[in-house]
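J.: Fit chain B with the ligand to the supplied structure of chain A, relying on the hints for placement.
Just so you know, the protein sequences line up as chains A and B, in that order. The first sequence begins at 1 in this note's numbering and counts up one residue at a time. The second sequence begins at 1 in this note's numbering and counts up one residue at a time.
Hints may be right or wrong, so weigh each one.
Selected chain B positions facing chain A (in silico; Cβ < 10 angstroms) [what the hints assert, rightly or not]:
id: 1; residue: LYS120
id: 2; residue: ASN223
id: 3; residue: GLY224
id: 4; residue: ASP241
id: 5; residue: ALA242
id: 6; residue: LEU243
id: 7; residue: LEU245
id: 8; residue: ALA246
id: 9; residue: GLU248
id: 10; residue: CYS251
id: 11; residue: PHE260
id: 12; residue: ARG271
id: 13; residue: HIS277
id: 14; residue: VAL325
Derived SDA-like pairs (lysine to any residue); straight-line CA-CA distance at most 25 angstroms [claimed, not checked]:
id: 15; chain 1: B; residue 1: LYS205; chain 2: A; residue 2: GLU121
id: 16; chain 1: B; residue 1: LYS249; chain 2: A; residue 2: GLU64
id: 17; chain 1: A; residue 1: LYS152; chain 2: B; residue 2: ASP236
id: 18; chain 1: A; residue 1: LYS80; chain 2: A; residue 2: GLU121
To be clear, the hints were calculated from the coordinates, so they are not data collected in a lab. Where a beta carbon is used, it is the ideal one built from N, C-alpha and C, also for glycine.
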Amino acid sequence: MKLEMKDSPGQLVSALQPISEVGGNIIAVIHQRDLSSREDTLGVQIVLEIAESRLTDLVSMIKERGVNILRIGKDRLLYKQTVIMIGHLMHTDLSDTVDRIDCTGFAEVTALDLAMPAINEPSSARLTIKSVSKKDMDAALDILRDVAKTKKLLIIEPLEGELV
Amino acid sequence: MTVKVAVLGLGSVGKGVLEMIARKDLDIIVTGVADSKSGLIDPSGLDIDAVLTAKKTGRCGDTSISANEVVSRADYDVLVEVTPTDAGSGEPAHSYMKMAIERGKHIVTSNKGPISLHLKELKDLANEKGVLVRYEATVGGAIPIMHTLGNGLAGNKFVALYGVLNGTCNYILTRMAAEGLTYDQALAEARELGYAEADPTYDVKGIDAAIKLVILANTIWNNGASLDRVDITGIDRLTNDALRLAEEKDCTIRLIAEAFPERGVLRVSPRIIRKDHPLVFEGTLNAITLETDMAGEITLIGKGAGSIETASAIIGDILFISSHVRCN
Ligand SMILES: NC(=O)c1ccc[n+]([C@@H]2O[C@H](COP(=O)([O-])OP(=O)(O)OC[C@H]3O[C@@H](n4cnc5c(N)ncnc54)[C@H](OP(=O)(O)O)[C@@H]3O)[C@@H](O)[C@H]2O)c1
Numbered sequence: 001m002k003l004e005m006k007d008s009p010g011q012l013v014s015a016l017q018p019i020s021e022v023g024g025n026i027i028a029v030i031h032q033r034d035l036s037s038r039e040d041t042l043g044v045q046i047v048l049e050i051a052e053s054r055l056t057d058l059v060s061m062i063k064e065r066g067v068n069i070l071r072i073g074k075d076r077l078l079y080k081q082t083v084i085m086i087g088h089l090m091h092t093d094l095s096d097t098v099d100r101i102d103c104t105g106f107a108e109v110t111a112l113d114l115a116m117p118a119i120n121e122p123s124s125a126r127l128t129i130k131s132v133s134k135k136d137m138d139a140a141l142d143i144l145r146d147v148a149k150t151k152k153l154l155i156i157e158p159l160e161g162e163l164v
Numbered sequence: 001m002t003v004k005v006a007v008l009g010l011g012s013v014g015k016g017v018l019e020m021i022a023r024k025d026l027d028i029i030v031t032g033v034a035d036s037k038s039g040l041i042d043p044s045g046l047d048i049d050a051v052l053t054a055k056k057t058g059r060c061g062d063t064s065i066s067a068n069e070v071v072s073r074a075d076y077d078v079l080v081e082v083t084p085t086d087a088g089s090g091e092p093a094h095s096y097m098k099m100a101i102e103r104g105k106h107i108v109t110s111n112k113g114p115i116s117l118h119l120k121e122l123k124d125l126a127n128e129k130g131v132l133v134r135y136e137a138t139v140g141g142a143i144p145i146m147h148t149l150g151n152g153l154a155g156n157k158f159v160a161l162y163g164v165l166n167g168t169c170n171y172i173l174t175r176m177a178a179e180g181l182t183y184d185q186a187l188a189e190a191r192e193l194g195y196a197e198a199d200p201t202y203d204v205k206g207i208d209a210a211i212k213l214v215i216l217a218n219t220i221w222n223n224g225a226s227l228d229r230v231d232i233t234g235i236d237r238l239t240n241d242a243l244r245l246a247e248e249k250d251c252t253i254r255l256i257a258e259a260f261p262e263r264g265v266l267r268v269s270p271r272i273i274r275k276d277h278p279l280v281f282e283g284t285l286n287a288i289t290l291e292t293d294m295a296g297e298i299t300l301i302g303k304g305a306g307s308i309e310t311a312s313a314i315i316g317d318i319l320f321i322s323s324h325v326r327c328n
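Chain A with its partners taken away, still in its complex shape (with noise of 0.2 angstroms):
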């Protein structure tokens, strides 16, 4: 997630205390300064890890110290997978394949890296995709599969265990 701040003395250490305290990991801390329309303010963005759970902890620590937060974003899509597909992904609509997974709403596909080969040759194509949790990974990966059976495309997954 991010967390957005007014830049002001002593506001940063205030903000990052908390942090830990909630078993939270601090990723990055990005200064920046175009943040906010507001005049004279400069911005923190803070980006973390921590538990769902603990957020409206994290937030309430936070705004105790005097801190404004003004912005949260979250980043849902912590999973990653990559899978490979052959076939004749062009005549077989290759945006709907995409979209049947778009469509979940609990994963995407990120990335899509396209190989084109000899005329009438089947071509390849790295797909990269995102989800919430590894049981919405899994569902995703079903769809994907159930698709490839009815377009007759092979689909070539990493070893199971492994993300790359």
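T.: Showing chain B with the ligand alone in chain A's frame:
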């Protein structure tokens, strides 16, 4: 103590076994041999060099002596069954083995057909007759996987198994990745080098690997695994683009056989795999990774085929029998 063997099949494997018995001081004598059209029996031990020389001209021996007769009449302790694999029926090897077991003879084989189809039946019959059936050479060529499972790792619980069980496929994938060859080009190269059969269907469609997976699963879990329960995808539809797309992510593609007994998964399929994974190596090698409760993860890598390499596994089994049970 000297052990007496009868060898059925004098192809690549059978000749390798005879050569090693002749050349090395192993205390093994050969009292019977047979190929598809002839046979020889000598209770005091055949002259192996003479047999191998005769075989160069086609038949190893006397056309009036059949393989059947060698099995049922010759005086031996161990039947070395190295005739061709018939994955559908396991015959005629299956019948030869049963006949020998009925006579109270031990079995050593490299033949995947009867072992993947009839392991339980053969073992039960052997138990009843007080003899052993050993088949180290059926999986992973020279790799001592069966000895490892049965002895070295005895008492462990096996949680999962991953293997590269077909050297031909591994060679083809290695060449597609390294040189950007198409599947057809890499297959042609494998054929030229003698790594692929004239009809490579069994290898490239994943069937050979699946048969070996069935043998491993039945050996480890005794779970009645059979070929029709393995989820099989071969490598024959892979493109060099697919390999390149994997390599761009520091990965590659390998044909992996997998078993997860708790979920009932038996599967052979091309998989994306990190390049620094122990199951990624070049050429025709085979490897098996076992996940166990006590020993943790163990990977064995070695030559998966070849005349002398397979003979190594056969001879290991013969000597295991001669050192663990009394041969008459
Ligand atoms: N080659 C390897 O690296 C390797 C590795 C692991 C396992 N294996 C397995 O080991 C076995 C032997 O392989 P291979 O490569 O040696 O095969 P191969 O070169 O084809 O030799 C087969 C031999 O069996 C003989 N034969 C055929 N039908 C027979 C019958 N009904 N009774 C008696 N003999 C018969 C053939 O006789 P003729 O000489 O008269 O034709 C030939 O000598 C196969 O089951 C194979 O799958 C092989």
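J.: It remains to establish, for every hint, whether it holds in the given structure.
T.: Hints, one by one, checked against the model:
| no. | hint | verdict |
| --- | --- | --- |
| 1 | LYS120 | violated, 28 angstroms |
| 2 | ASN223 | violated, 19 angstroms |
| 3 | GLY224 | violated, 23 angstroms |
| 4 | ASP241 | holds, 4 angstroms |
| 5 | ALA242 | holds, 4 angstroms |
| 6 | LEU243 | holds, 9 angstroms |
| 7 | LEU245 | holds, 4 angstroms |
| 8 | ALA246 | holds, 6 angstroms |
| 9 | GLU248 | holds, 8 angstroms |
| 10 | CYS251 | holds, 5 angstroms |
| 11 | PHE260 | holds, 7 angstroms |
| 12 | ARG271 | holds, 5 angstroms |
| 13 | HIS277 | holds, 7 angstroms |
| 14 | VAL325 | violated, 40 angstroms |
| 15 | LYS205/B <-> GLU121/A | holds, 20 angstroms |
| 16 | LYS249/B <-> GLU64/A | violated, 45 angstroms |
| 17 | LYS152/A <-> ASP236/B | holds, 14 angstroms |
| 18 | LYS80/A <-> GLU121/A | violated, 29 angstroms |
Of the hints listed earlier, those the structure fails to meet are numbers 1, 2, 3, 14, 16 and 18, in rising order.
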